[in-house]
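S.K.: Chains P and L supply the protein sequences, listed in that same order. Residue numbering for the first sequence follows this note's numbering, starting at 1 and increasing by one per position. Residue numbering for the second sequence follows this note's numbering, starting at 1001 and increasing by one per position.
Hint data in this document are derived by calculation from the structure and do not stem from the laboratory. Here the structure is a predicted model, which means the values were calculated and not measured. Hints should not be assumed to be uniformly reliable.
Chain P stretches covered by chain L per the calculated footprint, using a threshold of three residues with CB under 8 angstroms from any CB of chain L [unchecked claim]:
1) 77 to 88
2) 93 to 103
3) 109 to 121
Partial chain L-side listing against chain P, Cβ under 7 angstroms, derived [claimed, not checked]:
4) T1007
5) A1008
6) A1009
7) A1012
8) R1016
9) L1020
10) R1023
11) G1026
12) L1041
13) D1083
14) E1087
15) S1092
16) P1093
17) S1097
Using N, Cα and C, we set each Cβ at its ideal position, and we do this for glycine too.
Each chain, letter by letter, is given below.
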Amino acid sequence: MTPTPDRTRARHDHPALLEARGLAFARNDEPIFGPLDFALHPGEVVLIEGDNGSGKTTLLRVLSGLLAPTSGEIRLNDEPLTLARLSPQVALLAHQGGLKFELGAIENLRFAAGLHGVRSGISPATALAGVGLDGYADVPVRQLSAGQKKRVALARVLLAPVGLWLLDEPYANLDLDGIKLVNRLLENHANRGGAALITSHGAYAYTSGTPRRIPLRPASSAIDVRGTA
Amino acid sequence: MKPGSTTAACAALIRRDLTLVWRRRGDAVNPILFALIVVALFPLALGPEPEQLRRIAAGVVFVAILLAGLLALDTLFRGDYEDGSLEQLVLSPHPLSFCSHARSSCTGSPPHCR
Chain P
1 MTPTPDRTRA
11 RHDHPALLEA
21 RGLAFARNDE
31 PIFGPLDFAL
41 HPGEVVLIEG
51 DNGSGKTTLL
61 RVLSGLLAPT
71 SGEIRLNDEP
81 LTLARLSPQV
91 ALLAHQGGLK
101 FELGAIENLR
111 FAAGLHGVRS
121 GISPATALAG
131 VGLDGYADVP
141 VRQLSAGQKK
151 RVALARVLLA
161 PVGLWLLDEP
171 YANLDLDGIK
181 LVNRLLENHA
191 NRGGAALITS
201 HGAYAYTSGT
211 PRRIPLRPAS
221 SAIDVRGTA
Chain L
1001 MKPGSTTAAC
1011 AALIRRDLTL
1021 VWRRRGDAVN
1031 PILFALIVVA
1041 LFPLALGPEP
1051 EQLRRIAAGV
1061 VFVAILLAGL
1071 LALDTLFRGD
1081 YEDGSLEQLV
1091 LSPHPLSFCS
1101 HARSSCTGSP
1111 PHCR
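Chain L extracted, bound-state conformation (with noise of 0.2 angstroms):
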């Protein structure tokens, strides 16, 4: 009667969260395609002028992709608390700010929706 180890819960944690990803694909490529369209906006709307657009050009991806994150922040842990995921999470026999880093690091990363 002894619990799993705290590394194996969140290998665990993090082998869900990637599976989840993969199945839920067509919702993981979303944040991608905003942060992609917005970055493409931008020469369009201030004009095709190089030099300028080598100025910009990485603040403009830091902004898109910060901004796609946002896009997937909401929903970082919505699906578990209503599918009662979040509670079996809690009351599992680790420490919870172990599980939630396991599980934003996975969510993070790649902009990802759930």
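The following block holds chain P by itself, in its conformation from the complex (with noise of 0.2 angstroms):
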């Protein structure tokens, strides 16, 4: 879990898409993760490592605007985060998927689109071609399998016209396949220019290239976890 040498200091000079600054949360007094501080510029792939309860999900809530930080500053494009300047810029896969169940797979990002809007060149039906589910356009969600469910949500992703993706644990439940799958999206994402902070516990990893990482653990017990430069 060493941080890899850090090869996006060339990109260092433009202000960071998404920047922590001593971020922290604790929750009830208890510290949950923190302090963090970490910098992710377009064109980066950073990975959170840390086992269970370590404050991965907690962290991408944070990240998300979905709740306010205990401490520390959250900068995006160099200014301070609020969900009204994030928002058009994010796209969130939780742990809930954020589907219907009762909607098929294709209506589910029908209304993501009308939601969010849609990538240029990209549809809600080549985005379900996209991640392999071709032919389970009007399958209701709830007789999709657990992977099946989590592709369906990383079309979702891939249909939003957003730069920064906030992935958790995009791994979870996917097959061999669907893991190459997610690295080849976010290899596309990050060369057109995009972002993305992804969660694992470490089983299985992006491998393409070389991601930066940021160790997470409890905050009682942290050392050193920055990641940059």
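Put the two chains together into one complex, using the hints given.
M.R.: What follows is the structure, given as structure tokens:
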């Protein structure tokens, strides 16, 4: 879990897309994570690694503006993060996929398209095909397996016209093909200038290139968790 | 990379909610049945004098509908909270009040169970 050498130093002249300074979160005086300092630049994929209960999900919820940090600051394009600034730029994949089980896969994606808009050059149907669910368009999500539900949720992320992906355990429930698929989606996203923050407990990893890693440990035993140069 | 319009978002939300009501129509008729039963029980309890029933009819119907609405109120946002849809709504690039108004106009008018 040693942080890999930072390959993105050249990009650091530009303001970071997302930057955390001294970010910490505590629930009922019990520290959950932090303090953390890191920056996420366009074209970068950063992996947050930590064991179960180390606060990965909480960190993503804080970064997506759904929870207020106990201390520290989050900056988005060098401005303080607010939901209004963040929401047009972010797609969140949470543990609860945000899918309606009674609706078909394509109906869920059409709803997401209406709500968030659509990335140019892609449609709900092509996004579904892109995650390997061709032919499942009209199957109610309730009847899909856990891995297939995850793929539908990934298609929703893929569809959103945003630069920042926050993916909580994108590899969970996926088969080997699915893991490769997530890596491919992340690579394409980074290549078109997007940035992604993903969490994993380390069993699988983003293997394309060498992603920067931020180890996350319970705040009580936190050593130096600085992920940036 | 332009987000969709708020009108489109509200339309999508209303369309989704109406589809969900239709898919779960068994749940949606629950409050309606409840209101009908309450209204039907009043003449049984008070006796069949038409004059008296005519006087209380409007009030009874209103109260029954209100109580039936109360049944659905609890579940107004619960389903969305539990399956993560609420997070997605909050993170949509539209004013939250628009979404919740679209939402409650859809959930509120026909007694709706989610």
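S.K.: State for each hint whether it applies.
M.R.: Hints, one by one, checked against the model:
no.	hint	verdict
1	77 to 88	holds (count 4)
2	93 to 103	holds (count 10)
3	109 to 121	holds (count 11)
4	T1007	violated (10 angstroms)
5	A1008	holds (5 angstroms)
6	A1009	holds (5 angstroms)
7	A1012	holds (3 angstroms)
8	R1016	holds (5 angstroms)
9	L1020	holds (6 angstroms)
10	R1023	holds (4 angstroms)
11	G1026	violated (11 angstroms)
12	L1041	violated (33 angstroms)
13	D1083	holds (5 angstroms)
14	E1087	holds (6 angstroms)
15	S1092	holds (5 angstroms)
16	P1093	holds (4 angstroms)
17	S1097	violated (13 angstroms)
The structure does not agree with the numbered hints 4, 11, 12, 17 stated previously, though it agrees with the rest.
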